[in-house]
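With the hints as extra help, turn the sequences into a complete structure.
Listed below, chain by chain, are the residues.
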Amino acid sequence: MPSESARRNANVDWERLSFLFEATMSLPPTHRRAHLDALRTDEPMLWRELVELVDVADDAGAFFADMSHEIITPVFDAALASVSGDPDGATPAAVQPLTRVRHYEVHECLGAGGMGVVYRGWDTRLARDVALKFVSPDRLIDPSSKQRLLHEAQAASSLSDAHVCAIYSIEDLADGGVCVIMHYCAGGTLRDRLRNGPLEVAEAIRVAAQVAAGLASAHSGGIVHRDIKPANIGFDANGNARILDFGIAARMGTHDAPRGSSLAGSLPYIAPEQLLGADPDERADVWALGVTLHEMLVGRRPFEEQLNVSLAHQIRSAPPAPLVREDGVRVPHALAELVQRLLQKQPSDRPNNGDAVLALLNALEATPAAVPSTSTEAPTSNTPPRSALTRKAPRFFARRGTGVALLFAGAFTMVAAFAWSERQRAAQTDQPADSPLEVARTGAPLPTLAVLPFSVEGSGELEFLRNGLVDLLTSAFDATGLVRGIDPNAVIGSASVPVGVRPDSAAASLVAAQLGASRFVVGNVVGAGTSVTIRATLFRASGEESGRASLVLNNLDELTAAVDRLVYGLIASELRAPGDTVAGLAARTTSSAPALRAYLDGERELRDARPAAALVHFQRAVALDSMFGIAWYRLARAAKWSDVDSLNVMATQRAFALVASLPFRMQDIVRGYHALQFGSQRDAERILERVTRDYPTDVDAWMLLGETRFHQNPYFGRPTDDATAAFRRVMALDPRNREVNVYLMDLAARANRLGELDTLFRMYFSPNSAGEQPGIRQTYIALHARRFDVPDQSVAPAERIQDAAAARIALQRVHGALPDLRAARAYAQILASPLNESAIRVEGLLALATLDLVNGQREAAWSSWGEAASLDAQSTLRHRALLALAPTDLPPLPQLDSLVRQLKAASFVATTGSHDLSAVERDNLRQYLIGVLSARLRDDAGVENARRAIARAVGNSRLAAPLDAALRGHQGLVAGRYEDAVQAFASSVVDVPVGVRRRYPALEQHADRLAHADALRALQRSSDAARWYASLLEGPALTALPYRAAARARLDAVSAGVLR
Amino acid sequence: MYQTDETITGLLRDWARGDAPAGDRLFTIVYDELRAIARRQRRRWRGDDTLDTTALAHEVYLRLRGSEAFTPRDRAHFFAVAARATRQILSNYARRQHATKRGAGETPLSLQEFDMLAPAWSSMEWSSIDRLWDLEVALRQLEAINPRACQVVECRYFGGLSIPATAAALDISEATVKRDWALAQAWLFRVLREHGPDAL
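Those sequence lines, one after another, are chains R and E.
When the letters of the first sequence are read in order and numbered with this note's numbering, they come out as residues 4 to 1063.
When the letters of the second sequence are read in order and numbered with this note's numbering, they come out as residues 9 to 208.
For the record, the hints were derived by calculation from the structure and aren't laboratory data.
No incorrect hints appear here.
Partial pick of chain R residues on the chain E-facing surface, computed with a CB cut under 10 Å:
| # | residue |
| --- | --- |
| 1 | E25 |
| 2 | E55 |
| 3 | V57 |
| 4 | A60 |
| 5 | F66 |
| 6 | F659 |
| 7 | A663 |
Here are a few chain R residues that sit away from chain E, every Cβ distance over 12 Å (derived from the structure):
| # | residue |
| --- | --- |
| 8 | S553 |
| 9 | D806 |
| 10 | G945 |
On a predicted model such as this, the values are computed, not experimentally measured, just so you know.
C-beta atoms are modelled at their ideal positions from N, C-alpha and C, and glycine is treated no differently.
Put into structure tokens, the structure is as follows:
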């Protein structure tokens, strides 16, 4: 019985495992351990698998027996009872298209259009190509749909413009459907062309002008198209643009327009007035042309869905994205202005119709062509570039003082500069420009590959493989979508002598050159008895060997599977990315070539710090192959980076569910990531450290390790800077990774390593970084500028933070320095604006309250609290409790009392979104707040009560044990029992994902850490105390603000003691 | 339903020789027949004990066999196909149920829809459907690692075939069946436990 071809790499040697397993299980349970220890070889992976499986073996049998009885049979019953129609997943009988309609021959399918499927056809009478749109009968069941179709035909046929797709005729079909015969656009659609990136500026203008001409003709005929978009713009054989699909056009001034159609058209191209309910007129077409023109120039649309802000809202109110091209070419000012006019929100501010647009475009052509500017400003030498923003930089360096600091900074800049120039080099002369990853990265045409005839030894019946493998392998290579195979007939026809595994490279290269192939495959087949051995080698045209694979078949039935394995084996070596990343592993875990392609596209976008674009690609990859575990994982990463948290959560869980099918290394990485999002941070760190030990070149693992430490170290009393080493590793291994820059910048800013910050800043911001993570760019420019005391005016208006999304991110990244706090206030005010939704407003108001309180402005704080409380009473209550614990401002006792009373009366409900606490945990948190406030009030009974309430939940809540310990610690401190306090605090750190801490800032445990440090100081354990004081100076600044002054003061005191 | 000159045995043997479309046609026929017979049987047996899936497969076999000559080997292969069909029925049902319950399918939704999903780990119950669905997901992973082991599980678990019958159906030795079955159970159980309700 043939088995389905196993295309995934079997990362576990099933056969061996099964034998070992059987042998172990045949022993009585007491003897198994000894047997396993004896088996421990130099294959730790296999051994670990074996141990785990033996551990669960006994339970497994019972589990399945139960399941069969309790579940399978009853569910089968239910399944049959419910099923009535076609089984899911069964392919509906494919609609067999006719091969002929009247005197038109039907050829290949071109795609699906507005109301039907489009094929290429041939007019046998007039001897020309045509396009045939088939509308199936079930689409025309009601008269209105046929009516609509006729509309399309009438509308289009009344126009005879060179830039409108002519309709020749409409034929009724025997099955009740209809076939529309149209002009054939041999050059495909604009959407196809845009898949490869934006057009040249001149070309974009040309196309836009032609579309405008077509529109002019339609508008003067009283017809509005209403669905102008790249998919509806085709190119004929001469490369001229033609407007397609007048399917929803309306004749203005008549009432036979299709009903309910004012919101027809595609959302990204819909004009703002349509969203407000107006009927579209010519100016809506003008708008859509504007969107299209923008897309042609930039490769992206002017309005894209962003976090918390829907596309519709963007179209209605947001300004369009700037016209910035990736290749550095500047869009001429006049053209940019024109696009802006087309995209005016008010229709009356736009050009009136196609004619007006055409006139404007023609006026443009008279101006000189755009002068391309160079995109890089960095020198290629090894010295770090001088920052344009930091005229004062040298002074800062001098001011730094200690030689150690300078040396360190210098060493760093050397590394950074190296990475920088590596990146420049990498961007220019790559990895061979036609390696699959590069191709996926740049969208260049596929490299060509020729499979040469194999040499055959052994039985005569294998002779067919000589040329047979050429056919089989070529089509398998084509199916990967990563190379283009040279036609086997061409190969077989030209190569006269079969070359063996070790070809005479001159001869082989010659053959490849003749065929125009950039790569070729040679190999041999050896038959011995019933088994067949196939060996193959992949060469570049230069003769350099690039990959090898071989396998043994036991019978020819396995040939198809063998061919696939061979191809993947040969191509796998080409898929190695720098630093041995995830991409190389991906190739071996999916059998869907389009899914792999989509995945590689996503990786390309991630590398270039465009997570939103990456998201789209990864989603396509998992849509094509839902078991593509690695793609799910990368989807989660891209979602996290784009701040779409719910998607991150979901994709992480999917990846985790599929963890068993991943290669071992990925398993640990995904487990680590999952733990990071949902579980114990200590576990996550442990897992990731293990991975980096076993695989020191794994970029992803180092990245995750860095992130874990970055976010969690302060809470565990460790310096955040520990993360720097891991991040630097990432940068060294993969110079093109930009995500790591963001972290390194943050760390450099915190540690005041200004030279490093400057260098990183230059590396991160190229002048053409469009479409990046929203707000991050402005954040860093703003912070960077303030750090060097550059006055506000010098920060360009476009760069100043104005919208809530960017302000939120900026607020999270605020550090403690004074200029930052001023900026933080500005950000908070943006968030607090009444125009935002309430959750965001609350965030802003609470931040303002913190800032005010720290500055001693109690009145202002109360006012912010009051407003926040009206929007979200509970968050406000928690916030007030939190700040009441801070050493900054000791509120009078009656107030603390009132807070305790309010907390006792309250009950915390669930908040929306992911990363929430369970009901029990929320209650623990409430009790904890009561407890700590009681300690402050010297109310020991109150603390005891709180502790008792919490302790009941131990085992049922992540918070119970640590929070109970924390309260014990506070009790000890208050009573002067410092030893007890320290012991209690040692186990008081809450171990939850960073998302949870952000949602409930009390879990950052500032009060606990401060108390812990105080207790340590009382015991003269100065260095430990210093560690914990220092931890309060790290982490998100805003929440720690009320503690920082005290922490700094006490840290100084302790350090002074140490030095003495 | 059949193409003019096709027989079940013909399809079986073509499939054994590597003709994948023949296998697909065969599967579709068996699947349809299985459902039809099961529904009929169920109407008859209302109130009795639940269906025995093995007995069902036998009835399908008898019906489809007609007057063709089945070798023991053909018969064995047939039951392997029936086992797979049974699994398919169950997994389709579980998938639909799972989807309506969670509001999500195997294919990712738009960004807005994602925002409305509750995290799976907060769900209270791990009902039969969920378990079955998780088993299906685990089985597919197993299939990717070692297809033969997955087929053994299908035959033994979904088809209710004995060890010798499974060996005959898959053209492997009884020893191999035993080994695969034992390891597969442990492997699947481990996967299921890692993602079950008491997991992280």
